[in-house]
Amino acid sequence: MATAHHDEHPAGLMRWLTSTNHKDIGTLYLVFALIMLFVGGAMALVIRAELFQPGLQIVQPHFFNQMTTLHALVMIFGAVMPAFTGFANWQIPLMIGAPDMALPRLNNWSFWLLPFAFTLLLCTLFIPSGGPAGGWTLYPPLSVQGGMGTDFTILAIHMMGISSVLGAINVIATILNMRAPGMTLLKMPLFVWTWLITAFLLLAAMPVLAGAVTMLLTDRHFGTHFFDAAGGGDPVMFQHVFWFFGHPEVYILILPAFGITSQIIPTFARKPLFGYESMVYATASIAFLSFIVWAHHMFTVGMPLAGEMFFMYSTMMIAVPTGVKVFNWVATMWKGSMTFETPMLFSIAFVMLFTIGGFSGLMLAIAPADFQYQDTYFVVAHFHYVLVSGAVFSIIAGVYFWLPKWTGHMYNETLGKWHFWLSVIGFNLAFFPQHFLGLAGMPRRIPDYAIQFTEFNQWSSVGAFLFGFSQLLFVAVVVQAVRGGKKAEAKVWEGAEGLEWTVPSPAPYHTFATPPRIK
Amino acid sequence: MPMTRLPETQHRAIVRTAVILAAIALALFVYTFWRGFK
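From first to last, the protein sequence lines are chains A and B.
Each residue of the first sequence is one higher than the one before, starting from 169 at the first, in the working numbering.
Each residue of the second sequence is one higher than the one before, starting from 657 at the first, in the working numbering.
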């Protein structure tokens, strides 16, 4: 039961192992995501160090392939998704006036599956055949032929999938059943709305991935030929099933980012969000469209023309609700009394840089042009603009925004601004040149390259190291705020609106035991 | 703070929501696998 626990809680390790408190579990998710950010980041730096010069200098090609594969899996399933789930745990009950998540014990289990899943995944680096090396998409035939690391990966993905589905069930059950009296659906903060829709995406997409990797497993060990052409199967079917999961997954990674941005921009523009309802409908439209665009990842696979046309136009349609969102954020800032604290800086950077990623996405959506861009660094540049300056920047913005509420202390604004500027410069230096590399024909996932690509790669590597190391500053700011600092008030930001700002800072261990009444 | 429990009706609604959603997830997994056989 949601609120049937004592005010006291065990101390030390047992508190964290057995906690059913949404704030504790939120903290666990966020700390786990931060650790994974650095694990995945270290892998990215191995990739960029190798690509600093043409030729092979630092790692063997097989290890390089393991790095690209594991970097993606760790960042997607280990860093970004758990970070957003951490926000969901901390903020959803606080924002809807609920005492906790609807299913607190399930919540504990959802989290504790993750460390085991990632231990399983990362320990593949120490087994003789090495880690998975066929790319995070696990396309057969490579994934069927790969070593034991692929089996570990499949089991790890099953565990992550169970964790995500259980987390999604919890979020939906909480939002649908635990809102404070008077909080109708269209009074919910936008972060809650985006998470509700994300949870439905998770629920629909993750079981499909589980089905796909189960078929891979039976192809590998139980004599089936789902994806083996020699046995009457079809490797392209894996691509269809995978991307039926994979494209909604992209929106699972970005919709909560939209939600965080929609909380921060009105706060620092000191104006209500422009077009609240249109934001909700745009989010729902994006979620629906995300299920009918999957084959734009496969334009070069040899589809019928009608298929190419359908997926090209359906993909372009996503620009409409996304444009609505960008317009609304800009309109919220229009004539606002804006101030530029660190969360706002990251949110403004999010709007600008995510839009660049959106535009390069539109370029990739054009099927005939995609034949040129497919599997080049242009794609790498595109999805890093969407996922780093999109998802990761919004996560950082959200941490700065709610950190005083979580810890009870203000963070160091000067260090925060340093962190912002180093991140934004490092990020653009790392990824903007990759557009040019891709357009000039440099393929992705290759440890060597033709000599004419050297200079852009060197810029990119310098930027990546700058971006990577500047995240240490982020850790310093967070640790500093956890340990002490200027006391934060209940309403931390002048323009902040919402239930979470009505409770003291730090938020008490139990909040809203008596539900607030919303007018 | 005294121990509090959610009202029984709310508790039942939560369990009902969770069971329905879990059934949907399981059905999608089985359907994906079954499609593979076709």
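If you are wondering where the hints come from, they were derived from the structure by calculation, not from laboratory data.
Quick reminder that beta carbons are idealized off the backbone N, C-alpha and C, glycines included.
One or more of the hints may lead you astray.
What the hints assert, rightly or not - Facing chain B, according to a computed beta carbon distance under 10 Å, are these residues of chain A, among others:
id, residue
1, P222
2, I226
3, F368
4, A378
5, G401
6, T468
7, V469
8, G470
9, L473
10, M477
11, A535
Claimed, not checked - Computed cross-link-like contacts, SDA-like style, restricted to lysine to any residue with a CA-CA straight-line distance of at most 25 Å:
id, chain 1, residue 1, chain 2, residue 2
12, B, K694, A, K654
13, B, K694, A, G475
14, A, K654, A, E509
15, A, K687, A, K654
As the list claims (entries may be wrong) - From the structure, some residues in chain A lie toward chain B, with a derived Cβ separation under 10 Å:
id, residue
16, W277
17, L344
18, L371
19, A373
20, G379
21, T382
22, G391
23, V404
24, M405
25, F412
26, M501
27, S505
28, M506
Each hint tested on the structure:
no.	hint	verdict
1	P222	violated (42 Å)
2	I226	violated (40 Å)
3	F368	holds (9 Å)
4	A378	holds (5 Å)
5	G401	holds (9 Å)
6	T468	violated (23 Å)
7	V469	violated (18 Å)
8	G470	violated (20 Å)
9	L473	violated (24 Å)
10	M477	violated (24 Å)
11	A535	violated (25 Å)
12	B:K694 <-> A:K654	violated (64 Å)
13	B:K694 <-> A:G475	holds (21 Å)
14	A:K654 <-> A:E509	holds (16 Å)
15	A:K687 <-> A:K654	violated (33 Å)
16	W277	violated (13 Å)
17	L344	holds (6 Å)
18	L371	holds (6 Å)
19	A373	holds (9 Å)
20	G379	holds (3 Å)
21	T382	holds (6 Å)
22	G391	violated (14 Å)
23	V404	violated (13 Å)
24	M405	holds (7 Å)
25	F412	holds (8 Å)
26	M501	violated (37 Å)
27	S505	violated (39 Å)
28	M506	violated (40 Å)
The structure is inconsistent with the numbered hints 1, 2, 6, 7, 8, 9, 10, 11, 12, 15, 16, 22, 23, 26, 27 and 28, although it conforms to all the rest.
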